[in-house]
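J.: Read off the chains here:
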Amino acid sequence: MVHQTHDRDDYDFPETPNEINLTEMAEEANFQAMLEEYPRQAAAYQYSGLSRRSFMKIMGASLALTGAGLAGCVAEPPDEQIIPYARQPEEIIPGIPLFFASAMTLGGYTTGLLIETQEGRPTRIEGNPQHPASVGASNVFIQASILHLYDPERSIEARKDGQSSDWETFLEELAGVLEDAGDGAGLRILTETVTSPTLATQIETLLENYPAARWVQYEPVAQDNAVAGSRLAFDADVNTVYNFAEADVILSLDADFMSSMPGSLRYARDFMDRRRVREDQTEMSRLYALESSPTITGATADERLAMKASDVEAFARALAAALGVDAGDAPQFAPWPEEWFEAVVADLEGSSGSSIVIAGPEQTPVVHALAHAINAALGNVGSTVTYTDSVVASPVITTEDLAALTEEMNNGDVDALIIIGGNPAYNAPADIAFADALEQVPFSMHLSMYADETSQLSTWHIPSTHYIEEWSDGRAFDGTASIVQPPIGPLWDTVHSAHEILAALNGTEGTPFEILQANWESNYEGDDFESFWRLALHDGVVPDSAFEATSPSLRGDLASALGEAGFGQSAGLEIVFRPDATIWDGRFANNAWLQELPTPLTKVTWDMAALVSPETAEELGVVNEEVVALTLDGRTIEAPIFTQIGMAPDTIVVTLGYGGDITAQEDAPSNRNVYGMRTTTNMWHGVSVRVENTGATYNLATSRWVEDMPETDAARAGTLRTFIDDPDFAHIEHSGGANLIPPIIYDGYAWGMSIDLTSCIGCNACMIACQMENNIPTVGKEAVESGRDMSWIRIDTYYITEGETVETRFQPVACVHCEMAPCELVCPVEATIHDHEGINNMVYNRCIGTRYCSANCPYTVRRFNFEKYASELPIMQEYRNPNVSVRVEGVMEKCTYCTQRINMARIAANNENRLIEDGEITPACAGACPTQAIIFGNINEEDARVTRLKEQPHDYGLLEELNTIPRTTYLARITNPNDALHGSSEEG
Amino acid sequence: MSQIFSPGSNTVAKLSILGGALITVLILGFLFVRDQSPNTRAVGTAIEQPVRFSHELHSGVVNIECAYCHGPAEKSAYAGIPDTHTCMSCHSQIATYSELLEPVRTSYETNESLVWNKVHVLADHVYFNHSAHVNNGYACETCHGQVDQMPLVWQAEHMTMGWCLECHQQPEQFVRPDSDIYTIGYEYPEDQLDVVGPALIDQYQTNVDGLMTCGICHR
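Chains as they are written, first to last, in this note's numbering: chain E, 344 to 1331; chain W, 1374 to 1592.
No lab work stands behind these hints, which were simulated from the structure alone. You may find that some hints are simply not true.
Claimed, not checked - Just the calculated beta-carbon pair ranges, DEER-fashion:
1) E/Glu1215 / W/Val1494: 41 to 47 Å
2) E/Leu1216 / W/Tyr1470: 43 to 49 Å
3) W/Pro1562 / E/Ile425: 32 to 38 Å
4) E/Leu1305 / W/Asp1551: 44 to 50 Å
5) W/Ile1400 / E/Gln506: 43 to 49 Å
To be verified - Listed next, the stretches of chain E that the computed footprint assigns to chain W, with coverage defined by at least 3 CB atoms under 8 Å from CB atoms of chain W:
6) 531-542
7) 744-757
Every residue gets a Cβ at the ideal spot worked out from N, C-alpha and C, and that includes glycine.
Input sequences plus hints: build the corresponding full structure.
T.: Printed below as a string of structure tokens:
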């Protein structure tokens, strides 16, 4: 195989170290220069002569000398193959990623994305800057969704009655069923919320073909209350779009609009654009948040009031009455601080036309209707609040839909049930026995990515495509349509999309792409469809597809429609159900990135917990991790207790999604499925819940360090008034002190980062983005418990309690790239050293795992690979970023400022003989951030955004008194509390 | 009771300690030398390929420029191996019945890739970028040798980190004008080190200080 085609001696090989006499070498100028070289980089040892590393090198050379002459070696040609394309697609250059515009749908609403592919493999997801729901940002669900594509536990086999089968057999059987279907009286199709115009058209066609068939929608986290509220207020189905960029005063009625509502990313951005306080910009909006469960929206609010979920409606009624809205009875009680209420009323009245009252999807239809009426009364409609036609193809109250379907199934009226997505057998309300009814249906089919509970009870299970593999479309919160464009074909031949199922039902020909294109073409009114289509695909946004504003009028009899305030003041313990901040309704339960992501505020990973305030815990006599049985209307679930500051009184919060097959764990409480106690009447909260201690305990892995974080200088904050009076308030005098390390001059690029604590909403998007970009492994629950989580960036959360109010401060902390880095001084092998641009490099191949650096890092941002965490499953390697090393056991790692992106930009700029422009480099965290709280750039460039931010008076460095000179600095958090609520003009 | 150890035991113990140390050192030294050896790194070993593609013929005799087939080197980290269609752009006209080209024609017809054996394999933690070198004055020949004299390609340099650093420390030794990037057999002017090299470094605006930082190649 291997030929020796020429004599080795023909080549003049450079001398290898073992051929050099050490004594001679020491005297050589080159060697002296080399000794200079290494210390120069190490910064610490510039003038010390011999560095540790050089010492090690010489040791190595002397070993080599000793061993010289023993080298009897065998030629080992590399045994690797290189496989070019047979026909290379024009647009592909190996090594240069491609980006495809696509969109992801969650809860029916789409967000526009750009999906990066490396030689065809999707490796990264970013927001699409042109898409109104994304404006370039993304959230944890979007980022982590890429993991599902490659999930080795994905279902890839069609099953009939639990036995493996195939698509063709299914089609044959389906054809038989449809032949007997007649007018479709026994045919039902069950989907999740649908905004996809093409899917809606296909379903319409189905209903035309089978007029007696019915389309049912169910989704556990649906907009039912908003739909009902809109019907209550307008007697019509109306979609509400908020414009936070114009809002001076915002009142959230239990609405977590920054993380869990349609349009959240856009709302968070717009909201924060009104709060970027700078030296020359001292105006900011004010957010009042009323909430029953602690959310990041409440944590960001200027004035937050924790309130029992069932009292929010009373508050809304009282507010409506105070603002002169004719909306039925005002309550006769007021379980809230009077001055708080008055402050809200005064502020809202003072900002007519530029305020927003927003109701949460979890609040009752009455609250939604009242919010509409209040916005109308304040003159906000048309400026900060606009209405459009419903974005959802067919708005329904999904629980009513599902209840009716289940009844039909039980009566034997359903012969064939087609279930597209979802997992209703697991997540249907407890009083709808869908799972039992499903077994009665003679022919049922479930299209799903996992062979889950519903699949197991259905006659057929058909594995579904992932959205990254399928052609589809959908609409965003404002109606803007996007084409879901797959950057990769299905990874498996056996998976199929909803459009294929519908095509089979309708007996239509064509691939999903053809169906999609045909649908858009038939609705296109211009004369150049080809250009229109190409533009829609390229931009990821269908041009001019946002819905126009409508002006629905409130019904005249609103007061009577709202009915009597048929409620008394709440009493006893309440339970609140919320979608999980990491696994949503359970659909992301099989996603390790999300499971290991610390839930915002609680920092619990891998689990759900029953959250209670420390006071309530004391009253109940329970402590953290004690498993309690919660009983509501005779239905019981079990969950471990976890105390959380800032909870509403007498309230227990549990999140959806756990306790299904996917999250089944041996040691977990067996009945922790929250859906088991959630009923149609208690969809989001229930009163009079009974709590019993089971005597068992269950470990929760939390990355929270201490129980009550003391007020600290780490996350500095002040009020707007403080900032105006004393812009330098965030500066703390420190001595500066002597430094052993001589200063280094950076005259080229000098990378730095600025993080605005005002803008940070603690949403975790940066954490998942970093994990995806930098090939960071997950470690599992036990390792998290031992503090061995690997995330390079963490969100420190501080609570500052003052009387009743709790102020929450989020502070993202990654390696701050100290100019005088303590870690570098203690590394015996110089595996962590400074470069000429100020980045603290981590050289994995040098690292021998002493962990001295980690011990000496005051920011505790270094992470150590205690085990080989990276998965070796071939499919799990597909999503990895090829531009970042996968670390092995025994190696230290930490934030690199995304050095691979810096290198890429540097190479591109060098190749064109120019300098890197401001904004050309965006680290993964900054790219994902919904509020643009993280800005990165060259601090030597005068006009760079990061330089401007670092010049702000409220810029400060974390632990700067240690003289580390961190390259990442923070802008102190500035809030805008209402002085009237805090006695004097002093900061609250 | 008699002594367990004879007086000679001390010497034996000392010798075995010394011997043990010596053996350890020898083994480590052997491994080090072996790793650095050009022989281990298969320098000068021609690698058998599925098609006996000759750079000597294409690059030497026919004088096709490197970038005709390895164009991505100018834009990407990878120089790329041409697809079958690139081969056939000429070979649909030239040597159409050559037996040697049978695998190429098969690949063209079946659309199945040719599988080549890799000649240059860098460690996975090295992020070498072709475009950064080719666009800034470093020629193909500098690393790949005179491929116009290689019937089958072999590795011309041992490509250890120390070898990379020779140039990264003093790039003016090897830098060339843009016009000679693809030249094979280029002769450096006599004043390369003092005049021409530094002038080219200036022209390419190369930040020489930065070339010695770890993060430039390792991520």
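J.: Determine for every hint whether it applies to the structure shown.
T.: Hint by hint, here is what the structure shows:
1. Between E/Glu1215 and W/Val1494 the C-beta distance comes to about 20 Å, which lies outside the given range of 41 to 47 Å.
2. Checked against the hint of 43 to 49 Å, the pair E/Leu1216 and W/Tyr1470 passes, with Cβ atoms roughly 47 Å apart.
3. Look at W/Pro1562 against E/Ile425: about 36 Å separates their beta carbons, and that is inside 32 to 38 Å.
4. With their beta carbons about 48 Å apart, E/Leu1305 and W/Asp1551 fall inside the hinted range of 44 to 50 Å.
5. In this structure, W/Ile1400 and E/Gln506 break the distance hint of 43 to 49 Å, their C-beta atoms being roughly 59 Å apart.
6. Coverage of a stretch by a chain is defined here by at least three residues with a beta carbon nearer than 8 Å to that chain's beta carbons; for the segment 531-542 of chain E and chain W the count is 0, and the condition is violated.
7. Here's how the segment 744-757 of chain E fares: 0 of its residues keep a CB closer than 8 Å to some CB of chain W, so the rule of at least three is not met and the hint is violated.
Checked against the numbered hints given earlier, this structure breaks hints 1, 5, 6, 7; the rest are met.
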